[in-house]
Amino acid sequence: MPSPLISIPTINTASRSPRPQQLFASLMLLGLLALPLQGGAQTSAGAAGATLTGTLKKIQDSGEITLGVRESSAPLSFTTGAEKYTGYHVELCLAVVENLKRQIARPALKVKMLPVTSQNRIALMENGTIDLECGSTTNNLARQKQVAFGLTTFVTEVRTAVRANSGINSIAQLNGRNLATTTGTTSVQTLRKHERANNIDFKEIYGKDHADSFLLLESGRADAFVMDDNILAGLIANAKNPKDFAIVGEVLSVEPIALMLRRDDPAMKKLVDDSIREQIKSGALEKLYARWFTSPIPPRNNNVGLPMGATLKSLLAAPNDRPMEDYVKK
Amino acid sequence: MTFEWQVLLQDTGAGERYLDWLLSAWGWTLAVSACAWVLACACGALIGVLRTLPGWWRSLGTLWVEGFRNIPLLVQLFLWYHVLPALMPALRELSGFMLVVLALGLFTSARVAEQVRAGIESLPRGQRLAAQALGLRLPQVYRHVLLPQALRLALPPLTSEAMSIIKNSSVAFAVSVSELTLFAMQAQEETSRGVEIYLAVTALYVISAFVINRLLLTLEQRLRLPGATA
Numbered sequence: 029m030p031s032p033l034i035s036i037p038t039i040n041t042a043s044r045s046p047r048p049q050q051l052f053a054s055l056m057l058l059g060l061l062a063l064p065l066q067g068g069a070q071t072s073a074g075a076a077g078a079t080l081t082g083t084l085k086k087i088q089d090s091g092e093i094t095l096g097v098r099e100s101s102a103p104l105s106f107t108t109g110a111e112k113y114t115g116y117h118v119e120l121c122l123a124v125v126e127n128l129k130r131q132i133a134r135p136a137l138k139v140k141m142l143p144v145t146s147q148n149r150i151a152l153m154e155n156g157t158i159d160l161e162c163g164s165t166t167n168n169l170a171r172q173k174q175v176a177f178g179l180t181t182f183v184t185e186v187r188t189a190v191r192a193n194s195g196i197n198s199i200a201q202l203n204g205r206n207l208a209t210t211t212g213t214t215s216v217q218t219l220r221k222h223e224r225a226n227n228i229d230f231k232e233i234y235g236k237d238h239a240d241s242f243l244l245l246e247s248g249r250a251d252a253f254v255m256d257d258n259i260l261a262g263l264i265a266n267a268k269n270p271k272d273f274a275i276v277g278e279v280l281s282v283e284p285i286a287l288m289l290r291r292d293d294p295a296m297k298k299l300v301d302d303s304i305r306e307q308i309k310s311g312a313l314e315k316l317y318a319r320w321f322t323s324p325i326p327p328r329n330n331n332v333g334l335p336m337g338a339t340l341k342s343l344l345a346a347p348n349d350r351p352m353e354d355y356v357k358k
Numbered sequence: 021m022t023f024e025w026q027v028l029l030q031d032t033g034a035g036e037r038y039l040d041w042l043l044s045a046w047g048w049t050l051a052v053s054a055c056a057w058v059l060a061c062a063c064g065a066l067i068g069v070l071r072t073l074p075g076w077w078r079s080l081g082t083l084w085v086e087g088f089r090n091i092p093l094l095v096q097l098f099l100w101y102h103v104l105p106a107l108m109p110a111l112r113e114l115s116g117f118m119l120v121v122l123a124l125g126l127f128t129s130a131r132v133a134e135q136v137r138a139g140i141e142s143l144p145r146g147q148r149l150a151a152q153a154l155g156l157r158l159p160q161v162y163r164h165v166l167l168p169q170a171l172r173l174a175l176p177p178l179t180s181e182a183m184s185i186i187k188n189s190s191v192a193f194a195v196s197v198s199e200l201t202l203f204a205m206q207a208q209e210e211t212s213r214g215v216e217i218y219l220a221v222t223a224l225y226v227i228s229a230f231v232i233n234r235l236l237l238t239l240e241q242r243l244r245l246p247g248a249t250a
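Line order of the protein sequences matches chains A and B. Here our numbering is used: the first sequence runs in plain steps of one and ends on residue 358. Here our numbering is used: the second sequence runs in plain steps of one and ends on residue 250.
The hints are simulated quantities; they were obtained by calculation from the structure and are not laboratory data. Each residue gets a CB set at the ideal place from its N, CA and C atoms; glycine is no exception. Hints may be right or wrong, so weigh each one.
Said to hold, decoys possible - Here are some chain B residues pointing at chain A (derived, C-beta under 8 Å):
hint	residue
1	Gln30
2	Ala34
3	Ala150
4	Ser190
5	Leu202
6	Ser212
7	Gly214
8	Ala223
Could you put together the complete structure from these sequences and hints?
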């Protein structure tokens, strides 16, 4: 049940930007102030709920939106230091936020960015700490039981990074080697299945984040680092000497990556999807992609050099939000 | 909120169940803790004695205790894992397991040393003087008079250190030892059933620490000095 505390910002903010429905709601509230507090709160929530629901209402009530971002998922979502976050999905999110501001008539909406990790992003979405995640989350069936995803805006292929002088160029050569991956990601599951099917045996080492896993590869503790190709490309682009590393071998799996939002929230889902469609139609999304994947990016002005693949191109022609499992069947 | 405990029976993809992985992770937690505890007791007893000796031995002991006690455990672990091997190539041969045993064992040794020192210093001065008056040399004073009493007095605080080492062993996840905390972080992501996974891991930590507590309590009662209240 909504507490009286939540209804108070509704009155204040409604008086700042008087739209007819909100004016009506606040007038109703004023009229009801004579009633006992509990009853008044219930009625106010009912009046505001007629216009907005779920996340949109939460954002309107609080006057702020919290975006979940990543520390080191370059070039999708990463920090450039001093609590500043940027990247392909962060900018896409900001475009969604512009549409959201119009929809809830709150041009001065405060946008907060909160760094999340692979382990806590779903929990923080479920408990309302973040309202929209702009990271590198794979849309799969297991996660769809807990959260929802926007239209697929990026497709990643799980591949292997090695040191260029190691002579490794296929998964089969990893037999008996140390293989790094990042704790709290699903790439290694694919690899385990591959391991069993091909009768090879390797040792898994888990880095605590992508930067740590890359350090394992760089320092020689691991012979290979298995992860989404865009993350590998981003890490290599920002390495001290990018030429020392190479992405090799077969594609282990194809994963659709999307913005993540709360489940069972049709209004928010429609807003996110409509914004993405608008970006695709106007060609803005393709430009955004080119900016982050085929041009120099901060902080070191390196180029990731990952042109748009065939899967994503066909997705932009016919956008959908199908989970990873659908890509296997194809 | 409904629990789906059958998540533990799911296949990880490598032909084993999450339950098997959980039990092996428990084994790693216990192995890290046990090895680190042996190292901590051996070094701790020695350094604790040094801290009660006269002269530069005492300074050496103080340096050891303050060094290991004043640097956060996780930072020490990263020093062992990322920094020291860059300076000393020999360390590169050591596995993550050995490095975490070194880091956790030496960190805890500083704490054990303080308990041993406190035990020795809590004995009446007359004990040491009487032993010396009997003509015992310093090592004999410690071996026959001081340590048999001091170690018994140190046992109750050491019980709590032994329980701490189980809990502190969770830092091993950061250097890729496949123990309970790493299992929890990885398995909850793979299965999307974080609540069940974390509850199972919590239960195993509680059981481990509780069993240690009971075992050492029994030991305390057996070894208690007649007439001592500690």
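We went through each hint and held it up to the structure:
Contact between Gln30/B and chain A, as hinted, is not supported at the beta carbon level, the nearest pair being about 11 Å apart and thus beyond 8 Å. Restraint check, Ala34/B versus chain A: the minimum CB separation of about 4 Å is within 8 Å; hint holds. Annotation: interface hint on Ala150/B violated; nearest CB of chain A at approximately 55 Å, more than 8 Å. Interface hint status for Ser190/B: violated, as the beta-carbon distance to the closest one in chain A is roughly 12 Å, over 8 Å.
The criterion of a C-beta within 8 Å of any C-beta in chain A is met by Leu202/B, whose closest approach is roughly 6 Å, and the hint holds. With 8 Å as the threshold, the beta carbon of Ser212/B comes within range of chain A, its nearest partner Cβ sitting at about 4 Å, so the hint holds. Hint on Gly214/B holds. Least Cβ distance to chain A is approximately 7 Å, under the 8 Å limit. Hint status for Ala223/B relative to chain A: violated, with the closest Cβ pair at about 20 Å, above 8 Å.
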